[in-house]
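> Listed here are the chains, written in short residue letters.
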Amino acid sequence: MIDKDKVLHIAKLARLHLNEQEASQYAKQLSDVLGYIDKLNQADTQGVEPMVTASPIETVYRADEPKMDLGVEEKIKNAPETSGHLIKVPPVVS
Amino acid sequence: MIIHDFECVIGIEVHAQLKTKTKLFCSCPTTFEAGDNENTCPVCMGMPGVLPVFNKEVLNFAIKTGLALNCELDSASVFARKNYFYPDLPKGYQISQYEKPICKEGYVDIVLADGEHKRIRIERAHLEEDAGKSTHHGNYSLVNYNRSSMPLLEIVSGPDMRSPAEAAAYVKSLRSILQFIEVCDGNLEEGSMRADCNISIRKQGDTGLGTKVELKNLNSFRFIEKALTFEFERQVDAAMSGETIIQETRLYDKDKNKTYSMRSKEDAHDYRYFPEPDVLTLTFEEALVDKIKKDLPELPLATAKRFVSDYGIPEYDAVVLTQSKALALYYESAIADTKNAKAVSNWIMTELLRELNDAKKSIEESPISAKQLAKMVELVDAGTISGKMAKDVFAEMWKTSKDPEQIIDEKGMKQVSDEDALLKIIEEVKAANPKQLEEFKSGKDKLFGFFVGQCMKASKGQANPSVLNKLLKANL
Ligand SMILES: [Zn+2]
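Protein chains in written order, with my numbering: chain Z, 1 to 94; chain F, 1001 to 1476.
What the hints contain is simulated information worked out from the structure, not anything from laboratory work. A couple of the hints might just be wrong.
[Claimed, not checked] List of simulated lysine to aspartate or glutamate pairs, EDC-like, C-alpha gap at most 20 Å:
1. F:Lys1056 to Z:Glu81
2. F:Lys1019 to Z:Asp64
3. F:Lys1021 to Z:Glu49
4. F:Lys1100 to Z:Glu49
5. F:Lys1133 to Z:Glu81
6. Z:Lys67 to F:Glu1033
7. F:Lys1056 to Z:Asp64
8. F:Lys1291 to Z:Asp64
9. Z:Lys12 to F:Asp1088
Predicted model only: the values in this text are computed from it and were never measured.
Chain Z extracted, bound-state conformation (with noise of 0.2 Å):
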């Protein structure tokens, strides 16, 4: 079950802002979708190995040589601001 307090929390975290109303909302939609998984929790898995990925194929890698597209001002053109080549964002230490 996920609770309003739970979901406020779990906000706060990812930086959302929600009003009691959404809260409430929410909190009763992932717990719908909660309540499903705890089904799947009913069937047994005794000795089955835990599933990873949906994808299961080998590793792919890529090699270790040095590859850059784009320039600087091109990388940081989408910040909202920047000051010379740094990325400008709201205070974090106060």
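Guided by the hints, dock chain F with the ligand onto chain Z, whose structure is given.
Relative to chain Z, chain F with the ligand alone:
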């Protein structure tokens, strides 16, 4: 180490930056001296819709390290997302191994200053990507993502160390192993190796673990030792005055030699790990392990043992000489030019390392080459200069990088072993000091030292002391 019946329990997490050419999940270069945000791309900047692709060399390095640390290797290790919010983490999560790390259950053997051997367990070593770097400027912060997604191997020790000195010895041993196998620079100051130390205390004889405090910001071996010593004493004081020690992260302030609380937010450790859907299970064939094992170089402790048996130097000296690959190579290249391996080791241990340390230089930057040091040792052994002169020659070599022979020539420092020349000096000294000679002859034995001193002075310190002694004994 015991304070008021309390012992400390220390475990260490070392983050070793693997020195690959590119990052863990993208082809950005890992060069140290790049401009701000130069070494970035949409993957390591966390743009939507990108796909991380694993760097093969990281796997080779991880296997190599696992073998060097005597670990069990998992041929199907798994990446997870570690979620937390911080601007230097552009995706909002760090890709890290969690439940199934690539290496587990190994050990490192360390040798302490008193010669004691100790085995420190390695609980696990897992791969993860580094975060970017943010700097704070009051009402805003600035972020550089050059370090974002750099490959790290986090090596977690068991809670096996019982003193700050053991902790420093462990990190030193680990660093030399990583340098010998060439997977990490091991530079604590520049941050290519970072050691976070967990320390708790307990009454001597107890077996449980107390509440641990994590110390960060320790960028030298000396700070590791000092911070742990301070923290050990702080915890004992707290326990003695009935305070509870709280689990927290503390930072070390090197100027005040104190640790202080970071006052982390209570939610900070709610990482909500789950398997990383964008990265496949990290698999490899046993053949790859065999190949890497075959090419594994001699490790520091094995090299030290070889130095002991081949060159007859004390074990602790050998451990110090193998603390970096470059130093071990320096030693070996010096003793290729002289038979006196013990003297070379002494010069390095007592003089060279002290000078290098004071000048904050690495052995690669030593103004005295291995060849020059060997030559100086040879000149002492041949009797050309005395041990005392050698100290002056050494000092001059350090200052000028000149060859020892050149310094000896320029300063006219040659030791005089020629008996006729020395006899001439002895006669002069005798003639100049008739009163003392009379007293000596009538039994005042301790005046012998007076004549040694006078002859030394007359020879400008160049008389060979043992030849001079012998001649004086026969001629007074
Ligand atoms: Zn990148």
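> Within 20 Å, alpha carbon to alpha carbon, are Lys1291 of chain F and Asp64 of chain Z?
19 Å, holds
> Lys1019 of chain F and Asp64 of chain Z were given as a pair; does the straight-line alpha-carbon distance stay at or below 20 Å?
Measuring from Cα to Cα gives roughly 11 Å; hence the hint holds.
> Are the Cα atoms of Lys1100 of chain F and Glu49 of chain Z separated by 20 Å or less?
Between Lys1100 of chain F and Glu49 of chain Z the Cα gap is close to 13 Å, so the pair holds against 20 Å.
> Holds or violated: Lys12 of chain Z with Asp1088 of chain F, Cα cutoff 20 Å?
Since the Cα atoms of Lys12 of chain Z and Asp1088 of chain F sit roughly 18 Å apart, the hinted pair holds (cutoff 20 Å).
> Straight-line Cα separation of Lys1021 of chain F and Glu49 of chain Z no greater than 20 Å?
36 Å, violated
> Holds or violated: Lys1056 of chain F with Asp64 of chain Z, Cα cutoff 20 Å?
7 Å, holds
> Under the criterion that the straight-line Cα-Cα distance not exceed 20 Å, is the pair Lys1056 of chain F, Glu81 of chain Z satisfied?
Not satisfied, since the Cα-Cα distance of roughly 36 Å exceeds 20 Å.
> Is it true that the CA of Lys67 of chain Z sits at most 20 Å from the CA of Glu1033 of chain F?
At roughly 17 Å apart (the allowed maximum being 20 Å), Glu1033 of chain F and Lys67 of chain Z satisfy the hint.
> For the pair supplied as a hint, Lys1133 of chain F and Glu81 of chain Z, is the alpha-carbon distance within the 20 Å limit?
17 Å, holds
The structure fails hints 1, 3 (numbered hints given earlier, in ascending order).
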